[in-house]
Structures are given as structure tokens and as C-alpha cells.
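Asker: Chain by chain, the residues run as shown.
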Amino acid sequence: MKKTSFILVAGLLALIMTMGFACADPSIPATPETQGISIAIAAQATGWFQEDQEVSWATSTGPLGPALGYPNPTIPVGDGLFIYWPGNVVLEETLGIGNSSRGGVLYETVYSESTSGVAGTIDYAKQFATDTENKAQGTSNLEVQRGIVFTTDSVGRLVSSENLVLDSAGQFSLLSESFTCPFAPRVNEILPQFCNRVEMGSDLDISGGSVSTAVSERFVSSTGDYPVTSDYRIRLAGIGDQPADGSVSAFMEVQAREGLVGMIARIPFEDPDMGTFFLLNPGLASELRYGELTSAYGEITLFEKDMHYESGVIR
Amino acid sequence: MNGKRAVPAGILLLACIFCCAVSTADTYNFTGTTDTGTYIGTLAIGDDGTVAVAIAAATGDTHLVATTQNAGDTGGASAMQSTAVSGDGVFVGTGAVNGNGDSASVGALGRGGAAIESAQIAASAGTGSVAGQVASIIGQTAVAGSLGVSGAGDMASTDTHLSNGGNITTAQGALAGEVDFIGMNAAAAAAGQISEINALDGGWASSTAVDRGSTAATGASVTGKGNISTLQGAVAGDLAGMLGTHPFDAGGALAAQLTSLDSDGGGAAWSTAANGNGCEANTEAGYSGTGYIDETIQGAGAGGVSVFDNELLGGALALQYTKEIKGSPALIIDIYEGAWATSSATNNNRYSAATVAYAEGNGTIQDTIQGALASDLNLFHPGIPAALTAEGAYAAQHTDRITSDIGGAALSLAVNNESGSTAFTTARFLNGGGEILSTNQGAAAGEIGVTGVVGVSVDGAVAGQYTQEIRNVSSSTTSGWAFTRAAHNNGEDRAWVLTGFRNGGSVDGVVQLGAGGDIMVTTPISIGAEGAVAAQYISSTASNPLISRAVHGTESDFDFQPSSPAFQWAVAGTVTDGFSIEGAEAGSIP
Chain A
1 MKKTSFILVA
11 GLLALIMTMG
21 FACADPSIPA
31 TPETQGISIA
41 IAAQATGWFQ
51 EDQEVSWATS
61 TGPLGPALGY
71 PNPTIPVGDG
81 LFIYWPGNVV
91 LEETLGIGNS
101 SRGGVLYETV
111 YSESTSGVAG
121 TIDYAKQFAT
131 DTENKAQGTS
141 NLEVQRGIVF
151 TTDSVGRLVS
161 SENLVLDSAG
171 QFSLLSESFT
181 CPFAPRVNEI
191 LPQFCNRVEM
201 GSDLDISGGS
211 VSTAVSERFV
221 SSTGDYPVTS
231 DYRIRLAGIG
241 DQPADGSVSA
251 FMEVQAREGL
261 VGMIARIPFE
271 DPDMGTFFLL
281 NPGLASELRY
291 GELTSAYGEI
301 TLFEKDMHYE
311 SGVIR
Chain B
1 MNGKRAVPAG
11 ILLLACIFCC
21 AVSTADTYNF
31 TGTTDTGTYI
41 GTLAIGDDGT
51 VAVAIAAATG
61 DTHLVATTQN
71 AGDTGGASAM
81 QSTAVSGDGV
91 FVGTGAVNGN
101 GDSASVGALG
111 RGGAAIESAQ
121 IAASAGTGSV
131 AGQVASIIGQ
141 TAVAGSLGVS
151 GAGDMASTDT
161 HLSNGGNITT
171 AQGALAGEVD
181 FIGMNAAAAA
191 AGQISEINAL
201 DGGWASSTAV
211 DRGSTAATGA
221 SVTGKGNIST
231 LQGAVAGDLA
241 GMLGTHPFDA
251 GGALAAQLTS
261 LDSDGGGAAW
271 STAANGNGCE
281 ANTEAGYSGT
291 GYIDETIQGA
301 GAGGVSVFDN
311 ELLGGALALQ
321 YTKEIKGSPA
331 LIIDIYEGAW
341 ATSSATNNNR
351 YSAATVAYAE
361 GNGTIQDTIQ
371 GALASDLNLF
381 HPGIPAALTA
391 EGAYAAQHTD
401 RITSDIGGAA
411 LSLAVNNESG
421 STAFTTARFL
431 NGGGEILSTN
441 QGAAAGEIGV
451 TGVVGVSVDG
461 AVAGQYTQEI
471 RNVSSSTTSG
481 WAFTRAAHNN
491 GEDRAWVLTG
501 FRNGGSVDGV
511 VQLGAGGDIM
521 VTTPISIGAE
531 GAVAAQYISS
541 TASNPLISRA
551 VHGTESDFDF
561 QPSSPAFQWA
571 VAGTVTDGFS
581 IEGAEAGSIP
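Read top to bottom, the protein sequences are chains A and B.
Just so you know, my numbering puts 45 at position 45 of the first sequence, and the rest follows in order with no gaps.
Just so you know, my numbering puts 65 at position 65 of the second sequence, and the rest follows in order with no gaps.
In short, the hints are calculated from the structure, not lab data.
Among the clues, some could well be false.
[Said to hold, decoys possible] Selected chain B positions facing chain A (Cβ under 8 Å, derived; list incomplete):
| no. | residue |
| --- | --- |
| 1 | Gly37 |
| 2 | Ile45 |
| 3 | Val51 |
| 4 | Gly95 |
| 5 | Asn100 |
| 6 | Ser103 |
| 7 | Met242 |
The C-beta atom is built at its ideal place from N, Cα and C for all residues, glycine as well.
Produce the entire structure from the sequences given, and follow the hints as far as they go.
Answerer: Right, dumping it as C-alpha cells:
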């Protein structure tokens with residue numbers, strides 16, 4: 001058996017990694033009507049097995065589209081400056097048909113799995129659930145667990161890939177519009193605009209072994225008090241004393257772009273119906289790119305990786 | 001006030017503001033029309049952090065916006081506009097802020113089919129911001145307001161409201177700023193208005209000032225069809241620095257008004273103040289039904305002076321002079337029905353005092369001067385073994401005349417919850433027409449403590465009155481009296497005095513006093529006294545009976561004098577001076 005030195009090393013080592021990442025999202029409230037989908041799969045088969053799944057879900061505070069609405073009432077005045085006058089009932093009516101007093105927020109997630117077991121014996125179990133309701137901490141909008149054991153006495157292969165993507169973007173908004181907690185950070189009255197994307201997943205191609213993965217994600221909430229989270233975990237091991245033979249990789253990519261709203265002026269008016277005048281100069285304040293791929297080839301005794309993404313003002 | 005007076009006053013205000021307005025750099029004009037309305041505005045941004053904005057907006061199918069706007073560009077920031085706007089919903093607003101966060105704004109807003117004509121200006125410079133407007137509003141619901149907020153946290157505002165039909169003519173403005181001079185820092189906000197409201201279903205005007213910890217507000221309101229003509233102002237500020245080697249901080253809030261109003265559903269003018277340490281004071285003139293208030297001048301203030309972060313003096317004060325209040329029976333029974341003028345103060349609910357002039361039914365109160373005060377005084381100095389503390393609540397009034405076809409009263413009350421002492425005095429008539437002429441009365445509750453060479457503490461409540469006359473008018477069923485009562489130890493010791501008439505008559509020239517509490521001397525000798533005492537004196541020759549009574553636990557005494565002139569008293573309590581004397585006694589000297 002001819003292997004490269006790297007594969008030899010990989011085969012001898014047990015890879016156990018934990019990754020973490022954090023930035024800021026305000027979550028998005030649920031639509032009036034919500035859906036729940038749950039699936040449970042248990043399969044034992046010898047020969048051929050195939051599982052393909054794809055979930056795509058986009059939700060927005062306004063009509064879905066490429067443009068995110070400014071919070072109402074907002075007047076662009078040029079040079080990147082915006083007049084934002086929340087609370088003024090006349091300006092809200094003048095400028096606000098269909099617009100929310102909260103800046104537009106869009107969340108989009110995609111989950112996909114493709115698994116095939118060929119010329120072998122497979123035990124496959126899967127629990128899948130997605131729920132578009134508001135979720136509090138400790139619960140999820142998307143949750144998937146898989147457990148797979150594959151053996152072959154010939155040239156059989158287990159090939160599986162799994163991807164989780166969470167894309168979020170939002171316009172600036174009044175901080176008080178998004179948070180319930182009175183102790184939320186009040187360093188700025190305005191929650192800045194943001195645009196974040198996180199992608200996690202794994203690919204494996206083995207002739208025998210056991211693998212388990214777990215996926216969970218939360219981004220729908222009635223309040224921004226709970227951080228947006230996305231988690232992916234994979235564990236690949238051999239069966240008995242036999243290591244898994246093949247390749248496995250797991251990755252995480254993040255692009256987090258955080259805005260900063262320069263508050264040039266704040267002028268309160270006497271009556272609550274007259275609102276408060278803000279002159280804002282929003283801009284990009286932080287851009288973070290993160291990419292990471294872990295791979296192992298050869299005889300793999302253990303490959304375990306736990307990835308966590310968390311984004312919120314209160315964490 | 002009428003509109004003709006408001007306009008020149010407003011122009012003067014704007015002229016003052018314009019003179020203060022200085023320059024700016026970049027200007028932006030913006031406008032837009034949507035399916036629902038139109039907005040037009042201008043914005044100035046100075047290179048020193050000043051910003052000024054003016055905007056006019058209107059909604060509705062037939063809205064109209066006609067405006068001349070200008071943003072300044074000569075060294076700070078200023079914006080101004082002269083606007084006529086109408087529509088279902090209309091708003092005209094102008095504001096300015098400087099880099100320190102000192103902001104000033106004015107606005108006028110109407111809904112339900114409204115029209116506004118307004119001239120507004122706002123300007124900001126390095127040390128402050130100022131805004132003013134002259135506005136005339138016609139609308140179903142309408143509001144005009146001004147607001148000044150200093151970057152240090154002082155706030156002053158005025159507002160004028162109209163509900164369900166009518167018009168507002170107003171000149172108002174606000175300013176806020178902060179300056180440093182000779183090692184001291186002064187920050188303040190002020191607002192004022194001259195307003196006239198003609199309401200079909202009610203309206204109000206108020207002014208508010210908020211210091212860091214103290215608040216003061218004054219306002220006037222009418223219910224139903226009515227009018228308010230008011231001149232109001234509010235100011236809040238804070239001065240901090242060094243007094244020799246002593247760091248000090250003095251701050252407070254003050255609000256005042258001169259108002260006349262009339263309506264067919266009741267009305268009131270009020271002032272209130274509170275400091276951050278639990279001292280509150282209030283004063284109010286009001287009436288039910290169809291009536292009026294003719295010229296009430298009133299105000300309230302609260303604040304404190306601290307040295308080394310220790311409060312030296314603090315309190316809240318409310319005062320009023322009201323020329324005349326006329327009231328009538330209300331359709332809905334409230335606490336009062338008729339006409340009233342009240343003042344009250346409380347010091348952390350430990351000491352409270354109030355004074356009231358009240359004419360039931362169809363009644364009138366004329367020329368009442370009232371005040372209420374709650375205060376704390378702490379005089380001490382580190383290294384000096386002597387101190388004086390005085391804390392309490394006080395209320396007093398002089399009222400020239402209370403007249404009614406049903407009944408009327410002038411009363412004063414003090415409650416000391418620390419020592420369980422109360423004192424109460426009243427001049428009263430009921431069951432028919434009558435009047436009270438020239439009553440002077442007051443009440444106080446509190447504690448005074450002295451330590452050092454002498455150790456003395458006085459803790460209690462006192463009330464007293466001198467009333468020129470209580471008499472019936474056009475009624476043979478009217479009864480009237482003057483009554484004063486004092487109690488201590490939650491009523492264990494009590495004493496009262498009474499004189500009056502039944503089914504017609506009068507009481508002339510009565511002086512009454514009541515006190516309950518305790519006095520303790522600890523240095524250089526030890527002696528104490530506690531209890532209640534009441535006394536009265538009538539100098540006139542009349543057939544009014546004089547009655548007094550004293551009660552100490554299960555002991556009591558009673559005295560009756562059939563006519564005046566006479567001096568009469570009642571005493572109940574305990575004196576401790578190595579031994580104790582206790583009991584109750586009532587007596588008189590014809």
C-alpha cells in the first residue's frame with residue numbers, strides 16, 4: 001500500500017478540532033404564518049443507498065428582493081448622509097407606504113446533503129427538523145443529526161457531502177426596535193447595517209467507517225436579545241479496530257461585514273409624535289474574512305471537528 | 001393674549017435668536033413627493049460639528065406645502081423657514097445641535113385636516129443652540145412645541161395642544177448651552193411660550209424643566225369649549241466648580257406661568273416641582289363646569305446645593321397668586337366641585353403640608369396667595385462639633401374671599417409621620433350661601449435638630465389661622481365655624497378648639513393655633529416634653545360659643561365659653577424633667 005507521508009501521518013493521528021466565530025446580527029422576527037418540517041430516516045441496506053436533500057429558506061422584514069429598505073422615515077440627502085426621523089407621524093406616513101420603522105433585514109439559509117453508499121452495507125439514520133417560528137436560546141430553526149455506518153468487503157464506497165449556509169444582511173435601525181432587554185448595549189442608539197455570511201460543511205469518501213454529523217441554526221427570533229447561531233459538528237471513526245479508509249474534510253468560511261453609523265447629529269423634538277431627528281453617515285467599519293479547511297486522507301482513526309458561529313449584540 | 005400680541009413677540013424672539021445665530025459650511029436641500037404626501041427640507045452642517053435642519057411635510061389627497069427655507073453657511077449652523085402647509089397630516093419643524101450635544105428644536109404638527117402657518121428658526125454654535133417659532137395652527141388635533149436639551153442633560157420644553165377642533169396661536173422657543181468660566185462649568189436649558197388656544201373640545205399648554213435630578217413643570221388646561229391665554233417659561237441648569245477648596249454643585253429646575261382661561265367643562269392651572277431627594281411641591285387653581293380663572297401667576301422650582309457631594313440645601317417650592325376663580329357644579333363629580341386653589345408639599349412622605357381654598361357649587365375664590373415648600377437643610381463642617389439640620393414641609397395661604405351658594409372652606413393641614421403628629425385648621429361654612437373673608441393660615445411639619453454646645457430636637461406639626469370673618473349670605477340655614485386640632489403620638493394626645501354659628505350668623509376676628517409633637521433637650525440639661533396643644537382668641541364682642549377639649553390617653557378635659565372676647569386653650573401631654581407630669585387640661589380666660 002503506497003501512501004504519501006502526509007496520508008500516513010493523517011492516518012496515525014486522531015484529528016479533534018473546535019472552531020469558534022462571532023460577530024453581530026439582530027435576528028429577524030417570524031412571519032405571521034409559520035411552517036414546520038420534520039423528517040426521520042432509518043435505513044439498513046446492502047447494495048446501493050442514496051439520500052439527497054436540499055432546503056432553501058429566505059425571510060425578510062419586507063418584500064423579498066435585492067434591495068433592503070431603509071427604516072421609515074429615512075431621507076437620503078447626498079454625500080452618504082441620511083436623515084432618519086423615527087417617531088414623526090407625518091413623515092412616517094409621507095415616506096412609509098409598505099416600509100417598516102425597522103430597517104430592512106434579510107436572512108437566507110441553505111442546507112444540503114448528498115449521500116450515496118455503493119456496493120456495501122449501510123446503516124443510515126437521520127433526524128431533520130426545520131421550524132420557521134421565533135426561537136429562543138437553546139432552540140433551533142434548523143436541526144439535523146445523521147449517523148452512518150458503512151462496511152464493504154469489495155470496492156464499495158460511501159460518499160457524502162453536507163453544506164450549511166447562512167447569509168444575513170440588514171440596514172441600520174433604531175436599536176430599541178430590535179431588542180427587548182433594557183440592558184442591551186446602548187453605546188449607540190442606532191444599530192448599524194451589516195452583511196454576514198457563514199458556510200460550513202464536510203465531504204467524505206470512505207470504503208468503511210462510521211460517521212455522525214450534527215447541524216443546528218437559529219436566526220428567527222422576536223427579539224435581537226438572542227444571538228444568531230450556526231453549528232456544525234462531524235465525527236468520523238473506524239469500525240472496531242479498523243480505521244476508516246479514504247478521505248474526509250470539513251470547512252468553515254465566514255465573511256462578516258459590520259457597519260458603523262456615524263451619528264452626526266441628534267435633535268429631539270418636544271412632542272413624541274414629532275419624533276427625533278438623526279443625521280447619519282453609515283459606512284463599513286469592519287470586514288472579516290475567515291476560511292478554514294481540515295482534511296485527512298488514508299487510514300483515519302478519528303476525525304472530529306466542531307464549528308460554532310455566533311453573532312449578536314448581546315452575547 | 002391674542003394673536004396680534006403673539007406675532008410681534010414671536011418676531012422679537014426670532015430676531016434675538018437670529019442675532020445669536022452664526023454660520024455654517026455645507027448645505028443640502030431635499031424634497032420628495034410620494035403617493036401619500038410631500039416633504040421639503042434644508043440642512044446645514046458646520047465644520048465645527050453644528051447641524052441645523054428645517055423641514056415641512058404634509059399628507060393627504062389635497063395637501064399643500066408652500067415654504068421658503070434657508071440653511072446658513074457662515075460659521076455654525078442655522079436653518080429657518082417660513083411655511084404655510086395644509087393636509088390630513090402636517091408637520092413643520094426646525095432644529096439645531098452643536099458638537100457638545102446642546103440641541104434646540106421647535107415644531108408644529110396637526111392631524112385630521114390641519115393647517116399651519118409658521119415661521120421657524122434654529123441656530124447652533126459652539127456654546128449652545130437656540131430655536132424659536134411663531135405659529136398659527138388650525139386642526140382637529142394639533143400640537144406646537146419647543147425643546148432645549150443641553151449636552152450635560154438639562155432639559156426645558158414648552159408644548160401647546162389642542163384636541164378635537166380649534167386653533168393655536170403661539171410664539172415659543174427653546175435654548176440650551178454650556179459654558180466654562182473662571183474654573184466653573186454652567187449648563188442650562190430654557191424654554192418659553194406665549195400661546196393662545198381656542199378649543200372646541202379641550203386643550204392645554206405646559207412648560208417643563210428637568211435638571212439632573214430636579215424637575216419643574218407648569219401648565220394650564222381646559223376641557224370642552226374654551227380658551228387659554230398663557231405666558232409660560234421653564235429653565236433648568238447646573239453650576240459646578242470650586243468655592244475656595246470646596247467643590248460645589250448647585251442645580252435646579254424652575255417653571256412659571258401667567259395664565260387666564262375659561263371653558264364650559266372645567267379647567268385648571270398647575271405647577272409642580274420635585275428634587276432628586278424626595279422633596280415635592282405643587283400648587284393648582286381649578287374649577288369644574290362652566291367657569292374661568294382670571295390671571296393666575298404661579299410657579300414651581302426644585303433644586304439643591306451640594307458641597308463635597310453632601311447636600312447642604314435642597315427642596316421644592318410652589319407658589320401661586322390667583323386673582324379670581326369661578327366654578328360651577330360639574331357633570332362628573334370629582335374630588336372638588338366648584339372652584340379651588342390648593343398648594344401642597346411633601347418631604348419624602350415623612351413630612352407633608354397642604355393648604356386649600358375651596359368654594360363648592362357655584363362659587364368664587366378671589367385674590368388667593370398660596371405657597372408650599374418641602375426642604376432639607378444640613379449645616380455642618382468637618383472638624384467642627386456642631387451641626388444644624390432642619391427638614392420639613394410647609395404650606396400657607398392668604399385668601400381675600402371665598403363665596404358660594406352651598407359651602408366653602410379654607411383649611412391647612414400638616415402631617416409628621418416621623419413623630420405621629422398632625423395639625424389641622426379650617427374656616428368653613430355649609431348648608432347655604434356664605435363667605436369667608438380674609439383668611440390667613442398655614443401648616444408645617446418637620447424636625448429641627450441642633451447638636452454641639454446645646455443638643456435640642458423639635459419634631460412635630462403645627463397649624464394656625466387668623467380669619468377676619470365667616471358669615472352667611474342670603475341664607476338662614478348656613479352654619480359656619482373655625483376649628484383647629486392638633487394631635488401627637490398618633491392621637492394618644494390631642495387638643496382642639498372650636499367656635500362658630502348655626503342657622504345664620506358670623507364669626508369675626510378669630511385666631512387659632514394648634515401644635516403637636518415633642519421637644520427634647522439633651523445638652524446641657526436633659527428635659528423633654530411631648531403632646532398636643534390648641535388655643536384660640538376672639539377679640540370681638542359676639543355671642544359665638546368657644547369650646548376646647550384636651551385628651552391624654554384615658555384622661556380628658558373640656559371648656560366652654562358662651563361668648564367672646566375670650567382666650568381659650570387645651571393641652572394634653574407629658575413633661576419629663578427627672579420626673580414626669582402628664583395629663584389633659586382645657587381652660588379659658590374671658
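Asker: All the hints need checking, so say for each whether the structure fits it.
Answerer: Here is what the structure says about each hint:
1. Gly37: holds (4 Å)
2. Ile45: holds (7 Å)
3. Val51: Status holds, d = 4 Å.
4. Gly95: Holds, about 4 Å.
5. Asn100: It is violated, given that the least Cβ distance between Asn100 of chain B and chain A is near 12 Å, above 8 Å.
6. Ser103: holds (5 Å)
7. Met242: Given a least distance of 32 Å, the restraint on Met242 of chain B is violated.
In the structure shown, a violation is registered for the earlier hints numbered 5, 7, in ascending order.
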